[in-house]
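*Asks:* The chain contents come next:
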Amino acid sequence: MSGAAMNQTETTQQPILSVRDLKVYFPIIAGGLIRRTIPLKAVDGVSFDLYPGETLGVVGESGCGKSTLGRGILQLLEPSGGSVVWLGHHIEGLSATEMKKYRKELQIIFQDPLASLNPRMTIGDIIAEPLTVHNPELSVEERKQRVREMMEQVGLLPLMINRYPHEFSGGQCQRIGVARAMILKPRLIVCDEPVSALDVSIQAQIVNLIKDLQDTFGLSLIFISHDLSIVRHISHRIMVLYLGNMMEVADKENLYANPRHPYTKALISAVPLPDPELEKQKQRLVLEGDLPSPLSPPSGCVFRTRCPLAREKCAQEKPEMTDVNGAHQVACHFWQQR
Amino acid sequence: MLLEIQNLTTRFSTPEGEVCAVNNVSLQVEAGQCLGVVGESGSGKTQVFMSMMGLLAKNGKTEGIVNFNGRQILGLEIAELNRLRGVEFSMIFQDPMTSLNPYLRISRQMTEVLVEHRGISEKEAAAKAIELLHLVGIPEAEKRFRMYPHEFSGGMRQRAMIAMALLCEPKLLIADEPTTALDVTVQAQILDLIAGLGRKLDMATVLITHDLGVIAGLSDRVAVMYGGRVVEEASVHEIFNSPQHPYTKGLLESMPRLDTSSDKALHAIPGQPPDLQALPAGCSFEPRCNYAFARCHAEIPELRTIGEGRVKACHLEQIS
Numbered sequence: 001m002s003g004a005a006m007n008q009t010e011t012t013q014q015p016i017l018s019v020r021d022l023k024v025y026f027p028i029i030a031g032g033l034i035r036r037t038i039p040l041k042a043v044d045g046v047s048f049d050l051y052p053g054e055t056l057g058v059v060g061e062s063g064c065g066k067s068t069l070g071r072g073i074l075q076l077l078e079p080s081g082g083s084v085v086w087l088g089h090h091i092e093g094l095s096a097t098e099m100k101k102y103r104k105e106l107q108i109i110f111q112d113p114l115a116s117l118n119p120r121m122t123i124g125d126i127i128a129e130p131l132t133v134h135n136p137e138l139s140v141e142e143r144k145q146r147v148r149e150m151m152e153q154v155g156l157l158p159l160m161i162n163r164y165p166h167e168f169s170g171g172q173c174q175r176i177g178v179a180r181a182m183i184l185k186p187r188l189i190v191c192d193e194p195v196s197a198l199d200v201s202i203q204a205q206i207v208n209l210i211k212d213l214q215d216t217f218g219l220s221l222i223f224i225s226h227d228l229s230i231v232r233h234i235s236h237r238i239m240v241l242y243l244g245n246m247m248e249v250a251d252k253e254n255l256y257a258n259p260r261h262p263y264t265k266a267l268i269s270a271v272p273l274p275d276p277e278l279e280k281q282k283q284r285l286v287l288e289g290d291l292p293s294p295l296s297p298p299s300g301c302v303f304r305t306r307c308p309l310a311r312e313k314c315a316q317e318k319p320e321m322t323d324v325n326g327a328h329q330v331a332c333h334f335w336q337q338r
Numbered sequence: 001m002l003l004e005i006q007n008l009t010t011r012f013s014t015p016e017g018e019v020c021a022v023n024n025v026s027l028q029v030e031a032g033q034c035l036g037v038v039g040e041s042g043s044g045k046t047q048v049f050m051s052m053m054g055l056l057a058k059n060g061k062t063e064g065i066v067n068f069n070g071r072q073i074l075g076l077e078i079a080e081l082n083r084l085r086g087v088e089f090s091m092i093f094q095d096p097m098t099s100l101n102p103y104l105r106i107s108r109q110m111t112e113v114l115v116e117h118r119g120i121s122e123k124e125a126a127a128k129a130i131e132l133l134h135l136v137g138i139p140e141a142e143k144r145f146r147m148y149p150h151e152f153s154g155g156m157r158q159r160a161m162i163a164m165a166l167l168c169e170p171k172l173l174i175a176d177e178p179t180t181a182l183d184v185t186v187q188a189q190i191l192d193l194i195a196g197l198g199r200k201l202d203m204a205t206v207l208i209t210h211d212l213g214v215i216a217g218l219s220d221r222v223a224v225m226y227g228g229r230v231v232e233e234a235s236v237h238e239i240f241n242s243p244q245h246p247y248t249k250g251l252l253e254s255m256p257r258l259d260t261s262s263d264k265a266l267h268a269i270p271g272q273p274p275d276l277q278a279l280p281a282g283c284s285f286e287p288r289c290n291y292a293f294a295r296c297h298a299e300i301p302e303l304r305t306i307g308e309g310r311v312k313a314c315h316l317e318q319i320s
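Protein chains in written order, with my numbering: chain A, 1 to 338; chain B, 1 to 320.
Keep in mind that the hints were calculated from the coordinates and are not lab data.
Since we're looking at a predicted model, the values are computed, not measured.
Mixed in with the good hints, there may be bad ones.
Said to hold, decoys possible - Computed list of lysine to any residue pairs in SDA-like fashion (alpha-carbon distance at most 20 Å, straight line):
no., chain 1, residue 1, chain 2, residue 2
1, A, LYS211, B, PRO256
2, A, LYS282, B, ARG199
3, A, LYS280, B, ASP259
To be verified - Computed footprint of chain A on chain B; a stretch qualifies when at least three of its residues, placed anywhere within it, have a C-beta under 8 Å from a C-beta of chain A:
no., stretch
4, 180 to 190
5, 264 to 277
Backbone N, C-alpha and C fix where the C-beta goes; we use that ideal spot for every residue, glycine too.
Using the sequences and the hints, build the whole thing.
*Replies:* Here you go:
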């Protein structure tokens, strides 16, 4: 049974991860004569629950805070507020040493497959590194054995164990990154744009691999991407972010068939479809303008400067997340208007 | 025919040996038409047009015929080429920040082209440049005109690049991954802009991209490249509705679609893109091809006609 199904039936299943009102601010030094710091609100009040085996897709444009959110959850960046509860334990603000016991269960895969691998280490050592940190009791031979098994699992030939990252193509490097994240048998992996740097024909290979591993090991995933088609394919539930704020959260059927937030609608209609007939007929909802500076976000609803529905209320009052139905929430004052 | 590329081959000499980036490529673009060129990194899609523009790196050598408006332009002297580049045909690139000079105001970068090519005064050039900034949808064009590139957002920079490319009203605009560095909502704006300008100015466009979605809405014809060769060329409808090369078919099937939902695994193309330094003896797609048979391994398939205005480079008679 998939995570989404469990979620919908509201069984007694406990969420594996609960994030409440998470904020990650970066202090920015501004001003010439009189120095002052102003907060850049990269993530400003994000809340969600993640269930075992579930995939939460996080979409948004560059600068919307999706990568910062992933790092804030994993405590790779210290949150400025809110809570992150992992299996009943508050982990927000824990030091690196205190986090160590949770690191085994929480892993990450990065976007740039080659840049995230140390060029001076063999791929065997790269994949084994988490083991040397977390399972120092293993003998060298045991470690190698585990690495070989994992390489096979992610579709790499175990005989390549002594090669260096530059000898591999982008897709293979991403497999190495996946193997490194999987070697400790984590329960949650944050995938931060794992296929964006890959060629189209290779993207599908990596997406299939991640999905297979999820089915085999019952992983939960937070899948961060700007590509709405891939997010639709891999996720059970999807969160749309804009300037660090949640715009809409829904299971994938509702989000794509029935988007309620004007930003979600614009995002979906902006994606070009690989179908000339549909593309020519399509009425595209083109958003005017560009993303406002996150240093001085608009008052009220952060999306209002580009929103076709914006009215006075939007400038004064920040919309709360409201229920469309049990599996669908939206932050818009006027979501009921079509 | 506005642009006719015949048997273009481009080689680079590298310390590891010679790399054949473009191999015997022929393409045509009619006036006012949009040709989409699709391929992955290393497929040679950009190098075809870099060769045409005379913009190859120093270690690159090219041979073949490129006729623009009936005139062979390959191998022209730089001075001669400069009379054509930016005037008869222009090119815009993926990353607008690296194509704009960060030290110069937009005004200087834009008027330079006109003063150089058209011999008009600074003042006239400024008026024309501002008019074009309006045309590409830059708000407050007069004010923006005096700004530096870093004061522009990514989408705005790409608009400015397009405006610069259009200053001399070229007959052909070559856009190399014009929206790859942009967010989807901004991509939609830029694609609409390119399509609209093409119609308004009766300008032909070549759209080089890895994104089949981008091609679908804009192109009239599509050429698919793999391993430095054109492997299939047809009308946009034929490419998307009945692809005849296994690579084209594989690409279309491997993309998840936004408008359908499926829990099935994606049809990934197995294997890796070819190493241009060690291309197989036969078809370069053969190691990854589900349809491959003995002949594919031994013999490079020639591009052959398989219908009206339709070619493919594949030994297979037909794929269903």
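*Asks:* Now look at each hint and say whether the structure bears it out.
*Replies:* Here is how each hint holds up against the structure:
no., hint, result
1, A:LYS211 to B:PRO256, "holds (14 Å)"
2, A:LYS282 to B:ARG199, "holds (18 Å)"
3, A:LYS280 to B:ASP259, "holds (15 Å)"
4, 180 to 190, "holds (count 7)"
5, 264 to 277, "holds (count 8)"
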